[in-house]
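First to last, the protein sequences are chains G and C. Note that the first sequence covers residues 46 to 337 in this note's numbering. Note that the second sequence covers residues 330 to 650 in this note's numbering.
Do not rely on the hints blindly, as some may be mistaken.
[Unchecked claim] To be clear about the criterion: a stretch of chain G counts as covered by chain C if any three or more of its residues have a C-beta under 8 Å from a C-beta of chain C, and this derived list gives those stretches: (1) 114-126; (2) 132-144; (3) 234-240; (4) 277-285.
Hints in this document: simulated from the structure, not taken from any laboratory. All C-beta atoms, glycine included, are put in the ideal place defined by N, C-alpha and C.
Okay, here's what each chain looks like letter by letter:
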Amino acid sequence: MSGENIFTGLTEEHDGDARWAFGTGFTEALAGVDTTLPAGVDGADLAVYCQMLGDDALVQSQRLVQWVTDAPELEEEVALANIALDLLGQARLLLARAGQADGTGRDEDAFAYHRDPAQFRNVRLTEAPRGDFAHAVATLLVLSSWRLALFTRLADSADPVVAAIAAKGVNELAYHREYAVAWTLRLGDGTPYSHERMAAAIADVWPLTGELLATHPLEAALAAQGVAVDPASVRDEVHDVLTRVLTAATLPAPEAFPRPVVAGRDGEHSEHLAPLLEELQSVAREHPEATW
Amino acid sequence: MPTTAQEAPPGADEALQAEFDARIAANQRVEPRDWMPEAYRRTLVRQVSQHAHSEIIGMQPEGDWIASAPSLRRKAILLAKVQDEAGHGLYLYAAAETLGVDRNDLTERLIEGRQKYSSIFNYPSLSYADVGVIGWLVDGAAICNQVPLCRTSFGPYARAMVRICKEESFHQRQGYELLMRMMEGTEGQRRMVQDAVDRWWWPSLMMFGPPDADSPNTRQSMTWGIKIDTNDDLRQRFVDMTVPQAEKLGVTLPDPELVWNPERGQHDFGTPDWDELKRVIKGDGPKNAERVSRRRAAHEKGAWVREAATAYARKQQEATV
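Using the sequences and the hints, build the whole thing.
This is the structure we're talking about:
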């Protein structure tokens with residue numbers, strides 16, 4: 046190879062950004078997908094639903110980024126960054142769909158950078174402080190098992206864009222869950238100390254799991270039209286997965302999920318979301334006229 | 330390349346030494362199972378592990394901006410880039426391990442401050458323009474340094490460099506593309522870019538190491554085919570390539586002595602502050618202590634996780650026996 050040519054080629058003209066390494070795969074994921082709204086579906090409702098799923102991914106990705114340069118091993122830096130990148134990709138597609146569906150034409154950045162905390166629709170488990178590595182594993186185990194169950198069904202959504210995003214996301218989420226399962230086993234069945242910490246992390250995360258299975262009225266309406274998936278419908282599957290994993294990891298079998306309560310989906314968040322968003326939005330808001 | 334006979338270590342078989350010399354002379358690769366002089370092995374261990382450490386420490390100045398990247402596209406690009414650096418560190422530690430050292434030991438040497446990494450990463454990144462300038466100048470200088478290493482005499486290092494250089498070229502382009510966008514933006518953005526160029530230009534020139542006259546190891550490393558070009562040659566090449574890019578971008582490189590010399594067919598340029606380079610290498614840079622302590626903290630906090638993984642693997646192994 047001639048790296049000298051790579052270097053000097055920098056000032057040559059390129060066609061758009063099609064030749065860039067990054068940032069192009071996301072739009073191609075939806076190439077050829079029909080973006081018209083399915084008949085009878087309320088665009089404003091679909092936009093909010095896309096924000097729910099998109100905000101879960103965006104906020105969880107932002108939390109995972111905190112492990113970059115701070116993970117227990119280099120392989121974990123690579124893996125966690127990779128998972129954060131997958132979720133960020135899902136968030137971008139979903140937020141872009143939200144802007145199409147509600148007719149405003151807002152782009153992904155308008156949603157990510159110019160909404161306030163009460164306008165975010167993510168579940169509170171995604172915004173919880175990152176904690177230690179066992180917490181990261183416990184959170185990822187729960188969220189990826191749940192989201193995989195949802196996305197598997199959403200691949201048949203009546204909205205062709207949501208269906209395409211979900212179909213792409215299924216493979217990613219299956220890997221996220223596999224990664225979380227592998228570490229749940231290692232920590233649960235590793236040393237007595239790691240067992241204790243993994244058990245404590247599951248116990249800490251558990252109270253926030255009820256919200257994952259709560260059905261928001263908007264989800265119920267869209268589920269009736271075949272666009273959304275009612276989260277209550279994946280309850281048994283997710284519980285079964287978690288029971289099998291935790292048991293294999295020599296950890297206590299999980300209790301029943303706590304009572305399902307809608308909170309983040311209605312913009313009711315913990316005190317942890319505002320600082321997370323403040324950091325995410327800081328540079329963009331400091332330079333409102335800028336182009337990046 | 331001149332191939333003077335190497336000084337054989339005491340007790341080394343002269344025939345093996347002759348075979349090694351012939352291999353270097355013929356521009357053939359030395360592979361891990363081949364006999365090699367102890368000093369060659371030691372020099373490579375130092376160079377490859379310092380390179381690996383640089384990739385890992387180099388994640389920090391840019392990693393700090395992932396959380397606040399000003400668009401989701403920029404966030405994805407930067408996250409992917411910083412992830413690549415971790416991957417580069419992994420290839421390079423693997424290449425170093427083929428020389429008979431242990432990655433854990435190299436990590437210990439890094440976090441105890443017994444081994445160096447590129448001094449460039451001891452400077453702070455103060456604005457989002459730094460992300461672009463690090464890509465353009467710092468990765469650009471790294472490419473200048475590293476492309477010749479794709480032809481270096483030790484096989485595993487050369488092969489790792491081929492892959493790394495491909496990714497580095499994307500890193501550089503994303504940096505330059507960010508700067509182009511910023512220069513087309515607001516006046517404030519253009520000021521940010523110029524400020525970042527002012528701060529990173531001289532440290533980038535220092536990345537090629539001290540002047541040839543003060544680089545005692547260069548001759549031996551070139552004889553061994555570990556190093557292909559001298560520090561000053563690479564620095565000159567970097568300056569000559571960068572000047573037109575700066576013009577296209579519309580920024581000023583902060584060197585009043587920088588001028589085209591038609592007689593030499595190259596640019597003349599000022600002298601970097603070599604005392605500053607020495608100070609930063611010795612550990613007295615703006616961020617030395619913080620960079621190493623962050624890596625050390627991550628490593629120490631993660632000890633129980635690594636112990637658990639080892640214990641689990643042992644149990645699995647015992648169960649299958």
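Results for each hint:
For the stretch 114-126 of chain G, the stated coverage by chain C holds: 11 residues have a C-beta nearer than 8 Å to a C-beta of that chain, and at least 3 were required. Interface restraint, the stretch 132-144 of chain G with chain C: holds (5 residues with C-beta to C-beta distance below 8 Å; minimum three). Coverage of the stretch 234-240 of chain G by chain C holds in this model, with 5 residues showing a Cβ closer than 8 Å to a Cβ of that chain against a need of three. Beta-carbon proximity to chain C at under 8 Å applies to 0 residues in the stretch 277-285 of chain G; the threshold of 3 is not reached and the given coverage is violated.
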